[in-house]
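**Student:** Spelled out, the chains give:
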Amino acid sequence: ETGVTQTPRHLVMGMTNKKSLKCEQHLGHNAMYWYKQSAKKPLELMFVYNFKEQTENNSVPSRFSPECPNSSHLFLHLHTLQPEDSALYLCASSPPSGGYNEQFFGPGTRLTVL
Amino acid sequence: SQQGEEDPQALSIQEGENATMNCSYKTSINNLQWYRQNSGRGLVHLILIRSNEREKHSGRLRVTLDTSKKSSSLLITASRAADTASYFCATDARTGANSKLTFGKGITLSVRP
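Going down the list, the protein sequences come from chains V and G.
So the first sequence is numbered by my numbering: it starts at 8 and just counts up by one.
So the second sequence is numbered by my numbering: it starts at 6 and just counts up by one.
If you are wondering where the hints come from, they were derived from the structure by calculation, not from laboratory data.
Beta carbons are placed, not taken as given, at the ideal position from N, Cα and C, and that holds for glycine.
Heads up, a few of these hints could be off.
Straight-line C-alpha distance at most 20 Å; calculated SDA-like pairs for lysine to any residue [unchecked claim]: (1) V:LYS25 x V:PRO103; (2) V:LYS47 x G:GLY45; (3) V:LYS48 x G:ARG59; (4) V:LYS59 x V:PRO103; (5) V:LYS48 x G:LYS31; (6) V:LYS48 x G:ARG46; (7) G:LYS110 x V:ALA46; (8) V:LYS47 x G:ALA83; (9) V:LYS48 x G:GLY45; (10) V:LYS48 x G:GLU10; (11) G:LYS110 x V:PRO103; (12) V:LYS47 x G:THR89; (13) G:LYS75 x G:ARG59; (14) V:LYS43 x V:MET20.
Computed footprint of chain V on chain G, listed as stretches where at least three residues anywhere in the stretch have a Cβ under 8 Å from a Cβ of chain V [stated by the list, open to error]: (15) 45-59; (16) 108-116.
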């Protein structure tokens, strides 16, 4: 248990569905991250939020829409996804520091797009 | 572009043996971190080594960093079946603010009982 929770743990959706992934941390961290993990590929950073402000968008398609209402919660809204978007989506958070940060990961949401 | 690249891609050892995993990277870093991931789960932070450090220990883990060769190694001593997992190195090139980690593809370690 890292203190970062993600729901749902598994999600199956059609290409026309709209769904949301949720991430929550009560570790007092100020930065939150979304990553995509596909088989045989390195972990891909998607978005970074720092004190609720988006500081990084790693050229992610607009069918993925993040939302960070406060420093403890992060959402990833999904719309009109493609089968190649099937992957494990990981949320992470990190504390403020002088530049030496470990990231705390949630267990991930296994997404399957049919 | 991929920063950390682990070697080997897969490693199978007997319980009690030591496991050595290597990571190479391309650009200057602020720190390098190793993470473990059990199948289908999130990543767990193992150890962080700063760019001005050469070696660090944590329990059965030993990490080295050679900035001149842009490489790091993770040694797990006296391995256990529970060490079976994927291991990732991640480089952080930023100073200040929050980290932006670049991960490698990972090494699959199997420890046979």
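**Student:** The structure should be examined with respect to each hint, and the outcome stated for every one.
**Tutor:** Verification of the supplied hints:
no.	hint	in the structure
1	V:LYS25 x V:PRO103	violated, 33 Å
2	V:LYS47 x G:GLY45	holds, 13 Å
3	V:LYS48 x G:ARG59	violated, 29 Å
4	V:LYS59 x V:PRO103	holds, 13 Å
5	V:LYS48 x G:LYS31	holds, 18 Å
6	V:LYS48 x G:ARG46	holds, 16 Å
7	G:LYS110 x V:ALA46	holds, 9 Å
8	V:LYS47 x G:ALA83	violated, 28 Å
9	V:LYS48 x G:GLY45	holds, 14 Å
10	V:LYS48 x G:GLU10	holds, 11 Å
11	G:LYS110 x V:PRO103	violated, 27 Å
12	V:LYS47 x G:THR89	holds, 18 Å
13	G:LYS75 x G:ARG59	holds, 12 Å
14	V:LYS43 x V:MET20	holds, 17 Å
15	45-59	holds (count 8)
16	108-116	holds (count 4)
Figure legend: structure checked against the earlier numbered hints; hints not met, in rising order: 1, 3, 8, 11.
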